[in-house]
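**Q** Given next are the chains, with one letter for each unit.
There are 2 protein chains.
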Amino acid sequence: MNLNPIFYPESIAVIGASPNPNRPGNIALKALVESNFNGRIYPVNPNYSEILGFKCYPDVLSIPESIDLAIITIPTYMILNSLKACVLKGVKGVVIVTAGFSEAGEKGAALEAELVKAINGSSTRIIGPNCMGIYCSYSGVSYAPDLPRIKGETSFISQSGGLGIAFASLLSSRGYGLSKIVSSGNECDLKFVDYLEYLEGDDTTCVIGGYIEQIRNPRKFINVARRVSPLKPLVLWKAGIHESGRKAVYSHTGALAGSDEIYNAVFKQVGAIRAYSLRNLVNYIIASLTIPDFRGINIAVVTGPGGVGVSIVDACEAVGFRIPELCMETRRRLREALPWFASVSNPIDMTLAVVEDIKLYSECVKIVMEDGGVDAVIIGAPGLFRVGEFTDLMIRLKNDVWKPFIIVWSFMRSDIEEAFKRLGEAKIPVYFMPEDAAKSLIAIKKYVEYRDRFKSIL
Amino acid sequence: MNLNPIFYPESIAVIGASPNPNRPGNIALKALVESNFNGRIYPVNPNYSEILGFKCYPDVLSIPESIDLAIITIPTYMILNSLKACVLKGVKGVVIVTAGFSEAGEKGAALEAELVKAINGSSTRIIGPNCMGIYCSYSGVSYAPDLPRIKGETSFISQSGGLGIAFASLLSSRGYGLSKIVSSGNECDLKFVDYLEYLEGDDTTCVIGGYIEQIRNPRKFINVARRVSPLKPLVLWKAGIHESGRKAVYSHTGALAGSDEIYNAVFKQVGAIRAYSLRNLVNYIIASLTIPDFRGINIAVVTGPGGVGVSIVDACEAVGFRIPELCMETRRRLREALPWFASVSNPIDMTLAVVEDIKLYSECVKIVMEDGGVDAVIIGAPGLFRVGEFTDLMIRLKNDVWKPFIIVWSFMRSDIEEAFKRLGEAKIPVYFMPEDAAKSLIAIKKYVEYRDRFKSIL
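For the protein sequence lines, the chains are X and C, in the order given. The working numbering puts the first residue of the first sequence at 59, with every later residue one more than the last. The working numbering puts the first residue of the second sequence at 59, with every later residue one more than the last.
Worth flagging that the hints you see were computed from the coordinates, not collected in a lab. On a predicted model such as this, the values are computed, not experimentally measured, just so you know. Fair warning: there could be bad hints in the mix.
Since the list gives no way to pick one copy over another, a pair counts as held whenever it fits inside one copy or between any two copies.
Here are the simulated BS3-like pairs of lysine-lysine, each with C-alpha atoms no more than 30 Å apart in a straight line [claimed, not checked]: (1) 461 - 175; (2) 479 - 461; (3) 417 - 165; (4) 88 - 479; (5) 305 - 461; (6) 88 - 249; (7) 305 - 417; (8) 504 - 278; (9) 417 - 88; (10) 456 - 88; (11) 424 - 305; (12) 326 - 485; (13) 175 - 513.
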């Protein structure tokens with residue numbers, strides 16, 4: 059499905075634009091300005107002649123040029139007329155931000171049916187209603203003034219606009235940018251699967267995340283997702299698992315949450331990576347971006363001072379990884395490199411010796427990687443010591459080795475946040491907690507196994 | 059057990075002090091200087107006459123004054139003599155940082171036995187060996203230069219020094235200070251339970267966290283923990299759960315990890331809150347500090363824009379909370395306060411209306427709290443919008459209500475980190491993820507139920 063005019067519009071009308079900084083129509087306009095949208099912007103509001111420095115029009119039909127995307131923020135009962143004007147004008151995509159449709163009961167559902175009728179037979183498509191809309195870092199379309207603006211290769215389809223913002227803020231804090239976000243709302247016209255199909259062909263999207271309350275057309279979803287997932291990892295978080303959660307979904311976007319077991323079966327069948335929380339989602343996306351081909355089972359753990367090694371081992375075994383004994387030659391070489399009281403069994407504890415000689419981290423990781431019985435190494439970062447030097451060392455290490463390594467860094471301080479960003483930019487996976495690392499690794503491993511099977515069938 | 063001379067020493071000797079910034083003896087000295095220890099500091103090293111501006115002594119016996127605490131960082135084989143000198147000198151506590159004892163095999167275990175023999179019959183106690191030592195925000199004793207230095211009411215006993223630092227950095231990033239940290243190492247003399255007994259009587263400690271690889275004297279531990287836990291919540295993280303994890307524990311601090319089921323039974327019996335990760339540990343400590351009397355089962359969820367409400371409901375139900383329907387009167391009042399398309403069923407979705415009127419957050423929470431069927435409210439924060447105003451509003455709200463409320467704020471940005479700190483300082487629980495909030499609430503609820511039963515027996 060070609061949604062290019064929606065994601066890369068040349069002109070946008072903001073219907074309901076307002077100079078009041080707390081009105082949705084003002085926020086929508088400001089979002090475009092702040093994300094440097096470089097197409098034409100047309101505020102629409104009969105009460106103003108100019109808003110935020112842009113000439114303002116009384117209605118969309120009075121705009122002298124053609125419009126690709128319209129963003130509607132006016133009250134519910136006024137929307138149908140406004141939408142009809144957009145259809146007349148030949149607008150390609152209409153984002154309806156306003157709520158009060160199928161999620162708000164029967165009256166709203168009837169209104170929503172009217173919207174669908176209004177675009178029938180036209181080339182106008184609806185995003186929403188009850189949504190936030192579209193974000194694209196490459197074109198500068200945006201739905202929130204504060205959305206981080208780093209370009210990247212991840213796109214996110216969300217049946218919640220707020221989560222789109224949360225997702226973007228979490229990824230950017232880890233050094234990763236975004237390509238696109240869609241807040242799809244009630245999906246009266248364009249649905250999750252339509253956006254998925256568009257992203258399938260989008261060159262700047264390599265990994266796709268999704269927040270799902272309901273898949274509205276499962277058959278098409280299965281077909282498209284099965285086609286997409288071997289090429290672009292698909293990390294999906296399904297919410298509304300429990301009884302009240304399902305009710306909450308209904309009042310949120312008018313969706314029927316459906317049985318959790320069915321979703322599990324569908325996700326498995328299409329090779330999607332299933333996330334159970336926003337934290338999972340972000341962690342698995344990061345793994346998809348940094349270690350997309352991870353297949354191993356045998357993990358070596360290399361740490362400096364302090365019990366992190368034990369908890370990394372616990373977390374790895376909890377998800378099914380093995381912590382194998384190292385071979386004699388590896389242990390001999392580690393023994394040479396480390397003080398006599400260090401532990402050269404797996405997990406390797408280099409002890410406080412690394413505080414004196416930070417290079418031991420990369421030396422020992424290299425030795426361990428040459429052990430044929432080791433598929434990947436998890437490194438416990440040295441806490442608050444020598445943060446910048448350790449980060450430099452890891453970035454250099456990445457160029458020297460061919461097996462994957464993952465860093466666990468369970469500390470919070472501003473320089474460590476900076477280190478997380480730098481490691482992310484260098485595509486080195488780093489996680490706060492051992493369980494984050496272990497769960498991400500096993501999720502990717504299972505995905506790669508699916509992909510391998512899928513390819514062997516072709 | 060009175061360990062006051064160890065936590066509040068008037069004089070400290072750093073044996074093995076060094077001017078080389080990467081040596082443990084330099085780090086130990088710098089830690090004391092940077093944490094403003096205001097007692098007397100005596101570096102000991104025969105090769106220098108002065109280090110970091112302090113007069114340096116060739117050995118501990120040549121120091122002209124009495125010494126409360128000695129920190130030993132010299133090589134393993136030199137330690138026994140140095141310890142004997144400390145005993146002669148009448149030093150009260152000796153922190154042995156150096157590794158290479160029982161965790162490093164038979165030879166090391168024999169050396170460790172010698173240490174214990176050396177203090178036999180004396181008033182000298184050993185902390186460690188193979189540990190980092192003591193931190194006390196009130197006296198300025200510290201074992202790492204970068205440890206945050208906010209005073210607080212939480213103390214932490216850790217069989218890993220590195221985790222002590224991680225714990226401190228995480229708590230301080232959330233606005234909470236610390237009273238004391240002990241890195242207890244191999245525990246050849248003073249053991250986990252001895253520190254616990256000391257903290258029982260420590261006025262500046264209200265909540266106690268622990269990282270446990272092995273309880274070395276379970277009978278005494280059960281007695282002391284049972285006495286402490288009804289008065290000071292005890293949040294314990296036991297590591298070394300799986301097979302390799304247990305081996306890792308042995309090579310880390312020479313401990314035998316023991317069966318996980320036994321620990322589970324013991325923790326239950328003594329009323330400890332069990333954590334399964336560092337994240338759990340920090341989250342449960344924060345709940346202990348902010349909602350120490352939480353007993354409820356019925357949760358109302360109040361959110362602004364976006365699917366967070368659904369995932370909060372999912373997380374609450376997953377741990378056993380109920381999301382009850384609100385009574386007619388509550389719904390009527392919410393309907394009056396909110397736009398017609400908002401959802402006034404639990405979870406309450408105030409929609410984008412809160413962007414226009416941020417005060418709706420506190421108004422709706424107050425209305426919901428007056429519903430007799432609601433025990434607590436979880437609030438989904440408004441993402442990146444109006445961060446400071448929302449924080450102010452919540453701090454004011456705390457003074458106006460008597461039921462607990464918890465905030466979920468799944469966003470990362472520097473101003474939100476600042477908000478987390480401010481909310482922490484105001485003792486308002488705020489969590490990144492719905493699952494963090496739900497797990498913390500249920501952990502506290504179970505603890506309070508234990509405490510209630512315990513008190514009813516007395």
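**Q** Given a CA cutoff of 30 Å, do residue 326 and residue 485 count as a within-copy pair, a between-copy pair, both, or neither?
**A** Within one copy only: 27 Å inside, 43 Å across.
**Q** Checking residue 417 and residue 88: alpha-carbon separation at most 30 Å within a copy, between copies, both or neither?
**A** between (48 Å within a copy, 22 Å between copies)
**Q** Taking 30 Å as the upper bound on the Cα-Cα distance, should residue 305 and residue 461 be classified as within, between, both, or neither?
**A** For residue 305 and residue 461, only the inter-copy Cα distance (25 Å) is at most 30 Å; the intra-copy one is 46 Å.
**Q** How do residue 479 and residue 461 come out at 30 Å by Cα distance, when the copy is not named: within, between, both, or neither?
**A** within (22 Å within a copy, 39 Å between copies)
**Q** For the identical chains here, do residue 456 and residue 88 meet the 30 Å Cα criterion within one copy, between copies, both, or neither?
**A** neither (41 Å within a copy, 33 Å between copies)
**Q** Checking an output row: residue 88 and residue 479, CA cutoff 30 Å. Within, between, both or neither?
**A** Answer is both; intra-copy 27 Å and inter-copy 29 Å each pass.
**Q** What label fits residue 88 with residue 249 when the C-alpha limit is 30 Å: within, between, both, or neither?
**A** within (27 Å within a copy, 60 Å between copies)
**Q** Checking an output row: residue 305 and residue 417, CA cutoff 30 Å. Within, between, both or neither?
**A** Close across copies (26 Å), not inside one copy (55 Å); limit 30 Å.
**Q** Can you tell me if residue 175 and residue 513 fall within 30 Å by alpha carbon in one copy, between copies, both or neither?
**A** The answer is neither: 43 Å in one copy and 66 Å across copies each exceed 30 Å.
**Q** Given identical chains, is residue 417 near residue 165, meaning Cα to Cα at most 30 Å, within a copy, between copies, both, or neither?
**A** Answer is between; shortest inter-copy Cα gap is 28 Å, intra-copy 67 Å.
**Q** Evaluate residue 461 and residue 175 at a C-alpha cut-off of 30 Å and name the case that applies: within, between, both or neither.
**A** This pair counts as neither: shortest intra-copy Cα distance 56 Å, inter-copy 48 Å.
**Q** At 30 Å max between alpha carbons, let me know whether residue 424 reaches residue 305 within a copy, between copies, both or neither.
**A** between (52 Å within a copy, 23 Å between copies)
Hint violations for this structure: numbers 1, 10, 13, all remaining hints satisfied.
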